[in-house]
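K.L.:
Sequence:
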Amino acid sequence: MSSHRRSVAVLGLGVVTLSFAAILIRLTEAPSLLIAVGRLAVASLALAPFFWARWPKHRRELRGRNPWLFLLAGALLAAHFALWIESLNRTSVTSSVVLVATDPIFVAVLSPLILREGLSVRGWLAIGLGLAGSLVIGLPALGEPQSLAGNLLALGGAACAGGYLIVGRRVRRDTGLIAYVYVMYTAAALLLLPFVFAAAVYIT
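Numbering-wise (the UniProt record's numbering), the sequence shown opens with residue 1 and increments by one.
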């Protein structure tokens, strides 16, 4: 199989998997924070063999890097999953998924400010269309506090996703993909753990 076909196959598998993620989360009885930690931890464990198998290489990639950028990326990723998964408990799956997928809008708005990357006229038009679509989805929820809260949580998740993508763009300039993703997911899982324990104590 050629590299192009392999890439298409992996992309297709990812799309199919993500298509069912929100529905499966909605059907799960576990608390949203626990689901978020579980998802991050599973990803971290899945990447661990690839990271540690080439530890000397990854150690060189990580040496001298700013640890706060990795921590910031992990915190934003953790917040993304925590907010989005909680939104599925408060609003419809369709609204939650569509709104959380607006993260490119946040990236497009923040990139010129943080990364000094310009945006074309077409880009701004796309942002306008995306915002209009978000309003179409969000306006009917104004009279329903629960749905409105869910929609706002999904938008918060999108903003956090946009944030960690921008941080990742900066870190990935001089760090390999496996090293960056493994450290980020591990940090995100560890950062959420105290909130899971705190929520468990509060519930009991």
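In short, the hints are calculated from the structure, not lab data. Treat the numbers as computed from the prediction; the structure is a model and nothing was measured. A few of these clues could be false.
[To be verified] Estimated spans, in silico, between C-beta atoms of each pair:
id: 1; residue 1: 114; residue 2: 16; range: 28 to 38 angstroms
id: 2; residue 1: 27; residue 2: 199; range: 34 to 44 angstroms
id: 3; residue 1: 169; residue 2: 122; range: 44 to 54 angstroms
id: 4; residue 1: 63; residue 2: 122; range: 36 to 46 angstroms
id: 5; residue 1: 63; residue 2: 23; range: 38 to 48 angstroms
id: 6; residue 1: 53; residue 2: 123; range: 36 to 46 angstroms
id: 7; residue 1: 20; residue 2: 199; range: 21 to 31 angstroms
Heads up, the beta-carbon is just placed ideally off N, CA and C, and yes, glycines get one too.
K.L.:
Would you say the C-beta atoms of residue 27 and residue 199 sit inside 34 to 44 angstroms of each other?
P.N.:
violated, 20 angstroms
K.L.:
In this structure, is the beta-carbon distance linking residue 20 and residue 199 contained in 21 to 31 angstroms?
P.N.:
holds, 26 angstroms
K.L.:
Verify the CB-CB distance for residue 53 and residue 123 against the hinted window 36 to 46 angstroms.
P.N.:
Check passed, 40 angstroms falls within 36 to 46 angstroms.
K.L.:
Can the suggested window of 38 to 48 angstroms be confirmed for the beta-carbon pair residue 63 and residue 23?
P.N.:
Once the Cβ atoms are compared, 42 angstroms apart, the range 38 to 48 angstroms for residue 23 and residue 63 holds.
K.L.:
A range of 36 to 46 angstroms was offered for this pair. Does it hold for the Cβ distance of residue 63 and residue 122?
P.N.:
Distance hint for residue 63, residue 122 holds at roughly 40 angstroms.
K.L.:
Note whether the CB distance of residue 114 and residue 16 lies within 28 to 38 angstroms or breaks it.
P.N.:
Cβ of residue 114 to Cβ of residue 16: about 33 angstroms, so the range 28 to 38 angstroms holds.
K.L.:
Given the hint of 44 to 54 angstroms, check if residue 169 and residue 122 actually sit that far apart at their C-beta atoms.
P.N.:
Violated - the Cβ-Cβ distance for residue 169 and residue 122, about 20 angstroms, lies outside 44 to 54 angstroms.
Consistency with the previously given hints fails for numbers 2 and 3, ordered from lowest to highest.
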